[in-house]
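A.B. asks: Listed here are the chains, written in short residue letters.
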Amino acid sequence: MIVVLVLCALLGAWAAWFAAHDRAVVLKQLWGAAVVEGVLVVQVVVAAVLLLHGWDGDPLLLWGYLVVALLVLPGAALVAFAERTRWSSVVLLVAAVTVAVLELRLWQIWQAGA
Amino acid sequence: MRELPQAPRPDRPATRSGLGVVMISVYAVFAVAATARAGYQVGTKLEEAPVAYLLSALAAVLYVVATLALVRSTSRSRTVAWASVTTELVGVVGVGLLSFARPDLFPEPTVWSHLGEGYGYVPLVLPVAGLWWLARTRPRTSEVPADAAPPTSPPTPTA
Numbered sequence: 001m002i003v004v005l006v007l008c009a010l011l012g013a014w015a016a017w018f019a020a021h022d023r024a025v026v027l028k029q030l031w032g033a034a035v036v037e038g039v040l041v042v043q044v045v046v047a048a049v050l051l052l053h054g055w056d057g058d059p060l061l062l063w064g065y066l067v068v069a070l071l072v073l074p075g076a077a078l079v080a081f082a083e084r085t086r087w088s089s090v091v092l093l094v095a096a097v098t099v100a101v102l103e104l105r106l107w108q109i110w111q112a113g114a
Numbered sequence: 115m116r117e118l119p120q121a122p123r124p125d126r127p128a129t130r131s132g133l134g135v136v137m138i139s140v141y142a143v144f145a146v147a148a149t150a151r152a153g154y155q156v157g158t159k160l161e162e163a164p165v166a167y168l169l170s171a172l173a174a175v176l177y178v179v180a181t182l183a184l185v186r187s188t189s190r191s192r193t194v195a196w197a198s199v200t201t202e203l204v205g206v207v208g209v210g211l212l213s214f215a216r217p218d219l220f221p222e223p224t225v226w227s228h229l230g231e232g233y234g235y236v237p238l239v240l241p242v243a244g245l246w247w248l249a250r251t252r253p254r255t256s257e258v259p260a261d262a263a264p265p266t267s268p269p270t271p272t273a
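Chains Y and P are the protein sequences, given in the same order.
All the letters of the first sequence, read from the start, carry residue numbers 1 to 114 under our numbering.
All the letters of the second sequence, read from the start, carry residue numbers 115 to 273 under our numbering.
Don't take every hint at face value.
Partner residues aside, some chain Y positions facing chain P, computed with beta carbon under 8 angstroms [what the hints assert, rightly or not]:
#1 Gly64
#2 Val68
#3 Leu70
#4 Ser88
#5 Val90
#6 Val91
#7 Val94
Hints are computed from structural coordinates only; laboratory data are not their basis.
Heads up, the beta-carbon is just placed ideally off N, CA and C, and yes, glycines get one too.
Pulled out of the complex, with its shape left as it was, chain P reads as follows (with noise of 0.2 angstroms):
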């Protein structure tokens, strides 16, 4: 069987090696798939449903936003990263019970209605997995740079 090229294994962990592309693509699946959407309703038909398309549409921005910094993997990168991905976890568990608690906001759904029931639950587990992967791509002090800036601290998630 005809192999494509093998690359080395990367000996320093990098956000966007490895298991990493599986997060990013899976990242940008739900990117895309959620700008799609946020902008079909934003665009169509806001005025049925404000609270519910503004979050689709602010979920969208969260997970462009974190794609692109899983992309990047700077140190800066990584620092939006972690914000970006620990919103999403705030919005996702916040809007979720939310839309069990007052259903009347949502009648129609969004990517985060019901901990996310109508995409198979992944819009809960994404978050942990991000932050579980950045956690464990940490770069350890060793290995930055003498020149660069010390790592940044995630953020205290808001809540």
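The following block holds chain Y by itself, in its conformation from the complex (with noise of 0.2 angstroms):
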């Protein structure tokens, strides 16, 4: 949780340094990309651990922000191949920040049930 957040705020800032010097998104940046996204398929399968031990919330809601959360940065590495300007790196800063709001809004509900 913590490790998701501060991962998606260097991803972050590395994406606004792009932004902000007209440069478009980076392999290694997709690779920090995909870095983030294996902590978040690590997290899936750590809820799903923990769903079986007994938590006391709605499944339906924290498995929607699970997996949306999943999809959020595939789309933007689409976006980085496509659109090959400063405004892929503004993508990727979106995307980072959805992810840490996703983030956020997941402890939110872990905690209602915990």
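Please assemble the complex out of the two chains, which come individually in their own frames, going by the hints.
C.D. replies: Structure representation (structure tokens):
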């Protein structure tokens, strides 16, 4: 959770730097996004295991956020290939912020049922 | 540092290039978020706050339509984008003000409650940005192919 937020902040800052310098997303940033995505997959697995051990919340809500969070960065990666201008960096920034917001909401939802 | 291939910037403005991809990606995020939220609300607890939840569903549909229209970027889809983004602006302002005046109608928040407060006021900024972008990318007459229909005028805003 904290890991995801820190990684999103780093990725977002990196993308913002590129956007400010009129540069498109580079492959290294997509590797960075892949690392975040990997942590998100781990998070899904951990959540699934914890759910089996009993959690008093709404699983539908939780899964909604878990799955949507997985889709955001691949979407930004597609844009990075299609749009070779600074705007792909802005999109990556938007994606990093979105994942961070989803992560905060996930935390709230988890706490509500813990 | 290894670069992905660089493509030349398009000379002709389209709603899906440059800043447009940012616009579309933010719209897409809201389309997914609003659809998921509305689907969940309407599917599991519609009776708790029917007005709020059905408005959530309407907002979701508008975000999806606007996203797709911006992606398609044809002259007809521009008209659709104008209509959906204008409705969205009317919706966020109308519902936003109504949620202050009649909080009893909104026991549960919607995307548009309190002018989109719960979403960092992005729902309020987004339609304005969308209209600005549509106006900026409006094709000039010289750029319209001879056989194409004349650019349609934006629909009159409903209020």
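A.B. asks: Each hint should be assessed against the structure and marked as holding or not.
C.D. replies: Results for each hint:
1. Gly64: holds, 5 angstroms
2. Val68: This interface hint holds because 6 angstroms falls under the 8 angstroms limit.
3. Leu70: violated, 12 angstroms
4. Ser88: Holds, about 7 angstroms.
5. Val90: Holds - the Cβ of Y:Val90 comes within 8 angstroms of chain P, reaching about 5 angstroms at its closest.
6. Val91: holds, 5 angstroms
7. Val94: Hint holds; Y:Val94 Cβ to chain P Cβ min 6 angstroms, cut 8 angstroms.
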